[in-house]
Each structure stands twice: as structure tokens, then as C-alpha cells.
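Chemist: Listed below, chain by chain, are the residues.
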Amino acid sequence: MRHTLTRAARIAGVVAAAALLAAACSSDKKSSGDSGGGNSADKVTLRVGLFGTFGLKEAGLYNQYMKAHPNIKIVEDDVEKSQDYYKALQTHLAANSGLDDVQGIEIGFVADIVAHHANQFVDFNTVPNAAQIKPTFYDWKWAMATTQDGKTVGLGTDAGPEAMCYRPSLLKKAGLPSDRATLAAQWKTWSDYLAFGKRYEAAAGKPVGSHFIDGAGSLFAAAVYQGTTAYDDTSGKPIPQTSDGVKSAWQYASQAATDKLTAGLEPFTTPWNQAFANGAFATLPCPAWMLGYITSEAGQAVSGDWDVAPLPGGAANWGGSWLGVPKASKHQKEAEDLVTWLTAPAQQVTMWTSQQHFPSSSTAAADPKVANAKSEYFNNAPIGQIFGDSAKNLKQTPIGPYDTQLEQAFRSALLTVESQGKSPESAFNDALKNAKEIVGD
Amino acid sequence: MTITTTPATAPSSAPPAISPPRRRRRTALGSRAAYAYIAPFFVLFAAFSLYPFIYTAWVSMHEVDLSTPNKMTWVGWSNYTKLLHNEFFWNALKNTFTIGIISTVPQLCLALGLAHLLNYKLRGKTFYRVAMLMPYATSIAASTLIFAQLFGRDYGLINWVLSELGFHRVDWVNGHWPSQIAISLIVTWRWTGYNALIYLAGMQAISTDLYEAAVIDGASRWQQFRYVTIPGLRPTILFTIVVSTIGATQLFGEPLLFAGDGTTSGGASHQFQTLGLLMYQQGWTNFHLGQAAATAWTMFLIIVVLVLINTALARGRRSS
Numbered sequence: 012m013r014h015t016l017t018r019a020a021r022i023a024g025v026v027a028a029a030a031l032l033a034a035a036c037s038s039d040k041k042s043s044g045d046s047g048g049g050n051s052a053d054k055v056t057l058r059v060g061l062f063g064t065f066g067l068k069e070a071g072l073y074n075q076y077m078k079a080h081p082n083i084k085i086v087e088d089d090v091e092k093s094q095d096y097y098k099a100l101q102t103h104l105a106a107n108s109g110l111d112d113v114q115g116i117e118i119g120f121v122a123d124i125v126a127h128h129a130n131q132f133v134d135f136n137t138v139p140n141a142a143q144i145k146p147t148f149y150d151w152k153w154a155m156a157t158t159q160d161g162k163t164v165g166l167g168t169d170a171g172p173e174a175m176c177y178r179p180s181l182l183k184k185a186g187l188p189s190d191r192a193t194l195a196a197q198w199k200t201w202s203d204y205l206a207f208g209k210r211y212e213a214a215a216g217k218p219v220g221s222h223f224i225d226g227a228g229s230l231f232a233a234a235v236y237q238g239t240t241a242y243d244d245t246s247g248k249p250i251p252q253t254s255d256g257v258k259s260a261w262q263y264a265s266q267a268a269t270d271k272l273t274a275g276l277e278p279f280t281t282p283w284n285q286a287f288a289n290g291a292f293a294t295l296p297c298p299a300w301m302l303g304y305i306t307s308e309a310g311q312a313v314s315g316d317w318d319v320a321p322l323p324g325g326a327a328n329w330g331g332s333w334l335g336v337p338k339a340s341k342h343q344k345e346a347e348d349l350v351t352w353l354t355a356p357a358q359q360v361t362m363w364t365s366q367q368h369f370p371s372s373s374t375a376a377a378d379p380k381v382a383n384a385k386s387e388y389f390n391n392a393p394i395g396q397i398f399g400d401s402a403k404n405l406k407q408t409p410i411g412p413y414d415t416q417l418e419q420a421f422r423s424a425l426l427t428v429e430s431q432g433k434s435p436e437s438a439f440n441d442a443l444k445n446a447k448e449i450v451g452d
Numbered sequence: 424m425t426i427t428t429t430p431a432t433a434p435s436s437a438p439p440a441i442s443p444p445r446r447r448r449r450t451a452l453g454s455r456a457a458y459a460y461i462a463p464f465f466v467l468f469a470a471f472s473l474y475p476f477i478y479t480a481w482v483s484m485h486e487v488d489l490s491t492p493n494k495m496t497w498v499g500w501s502n503y504t505k506l507l508h509n510e511f512f513w514n515a516l517k518n519t520f521t522i523g524i525i526s527t528v529p530q531l532c533l534a535l536g537l538a539h540l541l542n543y544k545l546r547g548k549t550f551y552r553v554a555m556l557m558p559y560a561t562s563i564a565a566s567t568l569i570f571a572q573l574f575g576r577d578y579g580l581i582n583w584v585l586s587e588l589g590f591h592r593v594d595w596v597n598g599h600w601p602s603q604i605a606i607s608l609i610v611t612w613r614w615t616g617y618n619a620l621i622y623l624a625g626m627q628a629i630s631t632d633l634y635e636a637a638v639i640d641g642a643s644r645w646q647q648f649r650y651v652t653i654p655g656l657r658p659t660i661l662f663t664i665v666v667s668t669i670g671a672t673q674l675f676g677e678p679l680l681f682a683g684d685g686t687t688s689g690g691a692s693h694q695f696q697t698l699g700l701l702m703y704q705q706g707w708t709n710f711h712l713g714q715a716a717a718t719a720w721t722m723f724l725i726i727v728v729l730v731l732i733n734t735a736l737a738r739g740r741r742s743s
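Order-wise, the sequence lines are chains A and B. If you want the working numbering, it's the 1-based position in the first sequence plus 11. If you want the working numbering, it's the 1-based position in the second sequence plus 423.
Any given hint might turn out to be false.
Unchecked claim - In silico BS3-like cross-links for lysine-lysine, where the CA-CA straight-line distance does not exceed 27 angstroms: (1) K517/B - K444/A; (2) K505/B - K98/A; (3) K248/A - K505/B; (4) K494/B - K341/A; (5) K338/A - K494/B; (6) K447/A - K517/B; (7) K162/A - K403/A; (8) K444/A - K505/B; (9) K447/A - K494/B; (10) K447/A - K258/A; (11) K494/B - K162/A; (12) K505/B - K447/A.
I should point out that these hints are in silico values taken from the structure, not numbers from a laboratory.
Please model the entire structure based on the sequences and the hints provided.
Modeler: Okay, structure coming up:
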């Protein structure tokens, strides 16, 4: 009895070990098999890899497309955080496997894709109708996703033209003008804006604990793209130490910090979110997509007590995405058609009316549904026109693969001025040291 | 493959003369079976520990970009020399060390005291023991997020209490020492109960005869603790020190989440960036995989040195 038991156990052990090895070795076979899709008469399943809330599904665009194309089935793979999504995408691109038929590309890593992986994506200059598609987009949007030798890795979805959001009631309490026409005239430049902020901070009626702007980093991040260069030269090489955009943005932002116009908050942190409800800042540079965020964080209680004015210092852009088609896709043609449709002007108008994502298509932005849009929450501000003007006036500032990290380095340095009392000079040196570490040498 | 040899055991009426070789074969088979049993562990160990470990060393000799991991350029020791000349490395090493000290020392002392108390006959013993293990069972992410809220500058509970008591509000994230103390507190909260239970197990293995003898000799409770409990616990204490040292050197989740904004720099002026966080920043934020691999190996060597020092100190004290 004992003998048979040990023998059985022995065999079981061997089988278990073999099964383990087999499982380890066969896993890749399995994953490559199930995306094959069978023969062409069957339904074609298109996988769309996205991050965060792209809103395509929520706007009903997939259903609309599938209704018009009964042979297509769209499945969305969504990753909550764009950072996590990007890491997975990098791994998939390196292995050239595991890629979806359509991949979302964010402004934070479009430069990396353009620089390193352009050959792995369908060039949208070579698709049918390319000549008709291209002019519907803002030229700067098209250029951001285009390599130096003219390959375009994706078509734009939304864009992030910026304006200045503010709380009229806080400005009123401080005895300052609060209508957007007056403000547009009074803070045309950042210097004007800072002078206005000083009046706010000095006002006796200003609510205790409130500041003029949420953080010096917000000002910096917006102003840096108003220079001829931001973080990079035209080839995408980081040049933070010599860029005029960095220099002037730093000057204004560090001034705001030393003049104590800021609440010293970093965007998207818990304290920043809490500050919305507490009215801890009067102004906030805001891209179009942030309106929805403000509405949800500040709540309906302050509906109508937010407003939008043009951004000081000219137009700037924060955020925006593209949809690309990896050449590894087994349904390249179908995926190209889907992307072309999803990013076409009519669908971008839908994305604005249903999700408040501002179009990256100039044709869509000119549509009355966008251009004449007003927001009740934002005191009936003509948001379509304000953001449209910002998008129209945007310059083609070069971008690079390290923009997100470099922006963070400058934001952190400004935070040390705000919260640790560092001098702007030594904080700037810290930022440059960090920049060197980020880029590597 | 072993199945083919099994029929050899079939004849049951074999003469006793051949039993020794048969037995030998059976033990050989038995040991083969033993290998099969332990194989899963070693297969997994080789695939998920040994191979990455060696490959990391290989990567650390190259310049590799996360975006193009297939393009590796041989650079020899340059990642290591760069690291030794990198001020952020020395800053992270210093932070790891200071956070390690202010979290490990109070943690182990507290654990020892708690274990001593729990070793008395108490009502609801199991309840206390389970309660002490609760922090350990809580996820790092959940507990750190709660602590980050408590330590909030403007709306945090701790600052509210401080200001009610007439003290200044403390900027727990942006201050150098405040941030390190806050992180140490999270670590201490999490690990004290775990260590206390390990000490408790060690204490219960100490023979009661020793305590009785001490009582007969007129030893007070403190003297019992000092001269019976502590010497009896020495191997356990060494174990907890080694484990805590390794844990402190690899500290990563708490400082990452404590920053609250997902950045990997460990605060605006790197005031709480640990070695683990620096490695993560190099590899995953800044895409320099080779540099990150070199940092990983350096961390490993630091841990080995620290453990050797711990063991040597313990051995030296025992022999003296």
C-alpha cells in the first residue's frame, strides 16, 4: 500500500513539474492564436487600446460605427493610467507583438513614438483620401505626430487649447473686476496677470486662506509653450537650459511664487482636489478638457461661480491624443477606416457635445455646435469661441520624448520656492540638474 | 521518464539475497522523486529570480532605452561609475539610511515591548494578537493613502490637531525631516505587530524553568526581561534585524505613494527619495534601463554588506 502510494505520488510530482513547464512554454502560442480572427467572411474584431477616459465608447461612436458596418466588432482595452498604458505599449512595440489594431497615443509620448517607432505604425499620408483628411486637422496637431521625413503615425482625436478659468465671486470679494471682457484686457500678458494677482493678495476682502493661482507650476506649464521653443529644439532634442520658453515661463512662475500669489498646490493631488471645494484659489490655467474636471471636483454648489477668460501671453496647448494603427495589426485596412472615421470632423463635433473634448480638427472647431458653444456652469462663457481662438492661434512648438518629465522637474523646483523658501536661482539650478539626470548623458 | 524504471519493483517474491541492491535502487528512485517534488520551486526560482538577477547584471553593463529595449550598447562599468558620481544616488542612499534608522529602531523596540506584554497571561490574548497583525495585512497602497490624507498640509487631521493645540502647521510632504518622519511612521505602523508576533513566538520557546530559577534568585521583572528574555531571543532579534534591514533598504511603495502626485522623485527636492524609488525613476520614468539595473545591483551589494555586518556584530557579541 505504502509502495503504491509513493509511486503514485512520484508520478504526480513528475506530471506536475511537466505541466508547469508546458504551461510556461505554451503561453505565447495561445495568445497569438486567438487574435487571428478566422477567415474574412467572419466578423472582424478590432481591438482598440486606450487609456483613461477617451470617451469614444461613452459618446456612442463604436455602436454607431458597428451599426453602419455589421461585419466589424469593436472591443476596447482600456488602461486606467496613461503611464501604465505607455509602459505596456513600449513593451509591446519592442516585441512587436501583443499590439491592438488601434492604439491611443497621448501627447506625453507621441514624440517618443515619432522618434523611435514610426516604422511600426501606418503612415496616414499614404492611406486613401490622405489629401482630403490632412486639411481637416490643425496643422500643429498634424505636425506633432509627424516624423522629420514626413511620416504621420496617427490621427488626432482631441486637443487641449488653454484658457484661464476663474472664480468671479472671489475676485468680487477682493474688490476686483470679474467680467471676462475686462479681465481679457487687464491680463493680456503674464506681467499684467501677476500685477493683477498682487492686487488680489493685498485686498482686504480676500477670503482667508485663498490665493490668486493654484500653483506656480500651473503658470509655468502653460507659459512654457508660448515661447518659440519649449523644452526641445526642432529635432526633438531637449534644450531646457537655453530655451526661451523655459526662461520666460520660469521668470513669471518664480515671480508668482516669491510674491506669494500661489496656493502651492500640485495638480491632481488630493489637496488640489480638496482646494476646489474650499475655494482656495481664484484662477487656474485650464485646457478645454479640464472644464469637466472642475465641474466634478467643485460641484454643482458653485455652478455659475466659475468663468473662463483668455489665457495671458497668447495661446497654449495642454494635452490631446491621437489614434494610430500598428502595422502588426492583422486588420490594418479595417483599422485605418475606423480611425479615419472616429477622427473625422463630424465625430469630433460629437465628442465635444457629448464629452467636452475639444476637436483637434479645425473643420470640427468651426462647426456652429462647437464655435457657438456656451457653458452654463461657467457663467455662460462662450467656451467654444475662447478655446477655438486659442487652438487657431497656437504656434508649432517642437516637442520631445522627455517633455512630461522635464515639466515635472520644473514644477518640483517651483514647489521648493513656494514651500521651502528656496531662492529662484538655486531652484532653477536644481531643475537643470534634474533635467540632466532625466535626459541622461 | 522515470515511469519506465518502475516495473523493476514488481517481483515481490524475490530471494532476500538481492534485497540490498533493490533497496538501493528504491532510494535512488526516491531521491529522484524528491527532485521532482522540489523541481517546481527551482524551475520558478530559475525563471523568475535567477535569470532576471543575472540578466539585470548584463543589462547594467549596457546603455538601454526603455523605448527601444532591443538596442543595447555595451558601456562596461560606466553605469556604475556614473552612479557613484551622481548626487541623486548619494542623496537617496542617505535618505534610505535615515528613514531606515528612524523606522527600524523604534519599530523593533516597540515590538519587543509589546511582545513582552503579550507574553503575560491576558484576557482576550488572541484578539490582541490578531489586532497587531492587522496593519501587516493591510495593503501598502491603502494604508499609505490614508496616512497621506492624515498628513495633509491644509486639510489633514494631524495638522488640524496641531493647530488646535496652538502649534504651527507642518508641511509633512515638502519638509525634509517631516516627510521622513511621516514615512517612517507608516513603516513602523505596518511592521511593529508583525515583529512583535515573531518575538512572542521566540519568547514562548524560552523554557519557563529559567524564569522560575530567576525568580528564586530574586530577579525583578525587568531583570528577568534583561537577563533571561533578551539572551533567549538573540537569534530571533538577529532575524528581525536582518529582515528589517533588507526591507528598509528596499523601501519603495510608501515614499512613492506618499508623494501623492505619482511622481518618482521622492518630493520636490528629493527629500524622501529612497534607493528603490531612484531605481524606479531611472528605469521607468526616465527610461534609462541600464542605469536602473546598475542601481539595482548596487542596492543588492549594499544589502549583502549590511547583512554581513549584522551577522558579524551578533557573532562577535555572542563570543565575547
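Chemist: Confirm or reject each hint.
Modeler: Comparing the hints with the structure gives:
1. K517/B - K444/A: holds (19 angstroms)
2. K505/B - K98/A: holds (25 angstroms)
3. K248/A - K505/B: Holds. K248/A to K505/B sits at ~22 angstroms (cutoff 27 angstroms).
4. K494/B - K341/A: Holds, at roughly 26 angstroms.
5. K338/A - K494/B: holds (20 angstroms)
6. K447/A - K517/B: holds (21 angstroms)
7. K162/A - K403/A: With Cα atoms ~23 angstroms apart, K162/A and K403/A stay inside 27 angstroms; holds.
8. K444/A - K505/B: holds (14 angstroms)
9. K447/A - K494/B: holds (22 angstroms)
10. K447/A - K258/A: Cα-Cα ~16 angstroms, so holds.
11. K494/B - K162/A: holds (22 angstroms)
12. K505/B - K447/A: holds (12 angstroms)
Checked against the numbered hints given earlier, this structure breaks none of them.
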